[in-house]
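Construct all of the structure, not just a fragment, from the sequences and the given hints.
Protein chains: 2
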Amino acid sequence: MKKQDSLYMQVYDYYRGLIESGKMHNGEKIPSIRYSSAQLGVSKTTIEQAYMCLCDDGYLVPRKQSGYYVSRRAEQKKSDSGKSTQVVKNRIVYDFASSGVDSESFDLSLWRRYVKSALRQTERLLSYGEPQGESELREEIALFARQNRNCVCDSSNIIIGAGVQSLLHILCPLISERKSIAFSDPDYIQGVTVFSDHGFKISKTFSTADIIYTSPSRKTRWGETLSVSERFKLAEYAASSNKLIIEDDYGSEFRYVNKPTPSLQGLSGGENTVYLGTFSKLLLPSIRISYMILPPELNEKYREVAPVYNQTVSKADQIALCSFIRDGHLSAQIRKSRKLYLQKSKILCDLLTENFEDKVTIDKTDSPLFVKASFKTDISLSLLLNKCEKEGLAIIPISGKTGKTEIAFSVSAISTEKMEKGVQLLKKFF
Amino acid sequence: MKKQDSLYMQVYDYYRGLIESGKMHNGEKIPSIRYSSAQLGVSKTTIEQAYMCLCDDGYLVPRKQSGYYVSRRAEQKKSDSGKSTQVVKNRIVYDFASSGVDSESFDLSLWRRYVKSALRQTERLLSYGEPQGESELREEIALFARQNRNCVCDSSNIIIGAGVQSLLHILCPLISERKSIAFSDPDYIQGVTVFSDHGFKISKTFSTADIIYTSPSRKTRWGETLSVSERFKLAEYAASSNKLIIEDDYGSEFRYVNKPTPSLQGLSGGENTVYLGTFSKLLLPSIRISYMILPPELNEKYREVAPVYNQTVSKADQIALCSFIRDGHLSAQIRKSRKLYLQKSKILCDLLTENFEDKVTIDKTDSPLFVKASFKTDISLSLLLNKCEKEGLAIIPISGKTGKTEIAFSVSAISTEKMEKGVQLLKKFF
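So the protein sequences, as listed, match chains A and B.
In this text, residue positions in the first sequence follow the working numbering: the first is 647, and each later residue adds one.
In this text, residue positions in the second sequence follow the working numbering: the first is 647, and each later residue adds one.
Because the hints were derived from the structure by calculation, they are not lab data.
There could be a bad hint or two in this list.
Same chains, same names: a pair is fine if it fits in one copy or spans any two.
[Stated by the list, open to error] Computed cross-link-like contacts, BS3-like style, restricted to lysine-lysine with a CA-CA straight-line distance of at most 27 Å:
#1 Lys675 / Lys947
#2 Lys1074 / Lys1047
#3 Lys825 / Lys1050
#4 Lys850 / Lys879
#5 Lys992 / Lys1010
It should be emphasised that the depicted structure is a prediction, and the values quoted were computed from it without experimental measurement.
Given below as structure tokens:
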């Protein structure tokens, strides 16, 4: 077992060893995540990660989520364990392709204080809340969305829900006279599912759809966003062809180095556009609070049915978030994270220049999360990706022409230390 | 202003006075609930209650939930304020008809400790949770449902969601080959809405429906439940006519004085029945945690789509509830509340016997929440109800024959003190 192996890889190897040596048999249940965590003295997340890799590689099967069992295929693995070792090596070690944000920058102890204080408001907690969400929180969100995203809104046309799907379940019946929807990202399966559950046809092109689901703050994986003129064009196109726009502004907070481009909703004057925002990425993935801003005609319709849709976010979380925003912590959190990402981007740029010297040109991006670079090289993009994959290096490919390869790097999930090693490794491939 | 007026009535009268005296005009915004609460030194709930009554009585209109405004109709009210006073008197003062449970019996400080501790599990909170709900919580719920409701389940066929509607949104697509549904309680508008949003036809009778939505623990408003033989009959009927049963076991915890009748799901051996349970009533209405138990064939279908439905309950709440149940507090909470209701029922029975002597017969009910009584009287049920309504007394009418009137009383929301006054008031009407 090599020293630099990450913890979960060590756990992976431990169980792989037990299975390949025949100490654990086909069909046998392996210890629960909780038990393993206690036994091996590592976190549950680490165990979970290892178990998932063991599943991916065919050593284990999850059975009805009651636990993990040694798979039948594991027998086969014994005979060609050389191959499986190679599979293991393909795990991502240097992740320059993460689409997440660095949740660890969140001050959980601060949030804990706010929840604690919310849970002291006994009287408020004893009653059901407003179906639309607590009005005080809606006021704070309205202010936030107006100031940060130029949204046209006030507390009256904002609906709070536990995640974007919960909100789409309310939206779908309001727009049921429209029959088809097209997604700018057809891989957004959670959204596609809700609309097809509600009987909408999923169109492949905007032109054949009655509804356009788009994320202007995430035009590409590597941090490009729709420009103001592109947004105006889209808004005009939608208005003139009577299409409704659903703007999912997920992750917009970190997509802009300078003053962010106003939201489509704002540029449309709040008309003809449903805006979706979420706090899961800003705070913690495990905190499920999102919001939806409705245009006037849909808000009128919503008013009539509001009481029949129960609020899905617990009142304590709503009260906590309200005070958290009001006290300026959300803005502070965004500033702090943005600064962190800009620092990391700067470090990566320096590393690339140091290692590749005149063979690299750094391109400007809109986002503090990404660094885009062109390399002078004769190696093809596919060969490069192949080499990266083999060594556990994940990058975001953009384009490859003769003599020039474009790559993007995400700095969100990777540590500064790993960045350095990752760039050194990348250098070897050129 | 009479001394015995409740706080919210005083607030009501205060604003009514301002409006009727012309100090507040048509279209003027009245202070926000928060501001009024601070200004008048009473709780927000009280202000909210008063504002809602002012709306009901036509003095105020809520405008797009941005606030409350003096209504145009208020002008009219000035001329006949005598009438409006009468309307005020119709407010419920003695509530023997509540369908709620006494949330105040819940130990909020204890729950706070569990949430606080959950929010310390930093590492777990940094990742998205399992779409189905945290497996540890599902294990605890499975144990709870098996022991308390004889449910056939384990952690693998339980799905956690923020309220019953969130769960129905997952269920509907799984049973979309069925076309129509009948509700044992057609007034359960939240359920009806979700099914009609998903394109199901709402049938008026069980016989014409493919799905039966029923609450066997709430056969009537006054605490009657379906007997074991009725349940068996319903389960057999559904199975033989290929109808799916959805059993909403809402509030079952307090519906049984003795050992509760097993759930339909349990009596059906877990087949052909979807079971819905909720913790909102057990803990706090503002805590949104419910669960659904799927029969094997639907669980198989769910497995395939599980990852596309994001979990709606925040992980911290799930972790807190898991430990809360594991440490025995949920069972303790149920025992404590049941004891409280039994005591209150006993007090009410004594009050009725004291006041009505041989004119009353107390009937046994299944539930600690309700007292059922027959009165020897010549007054008609409708006249009695009319008198009760006028004096702010709410009761649950059952039947009225010549010389005999049957009434049920709910003890959940009313205080012991008000019980006494309420019964004395009732006596005057006979």
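*Can you give the numbers of the hints that this structure goes against, from lowest to highest?*
Result: hint 3 breaks, nothing else.
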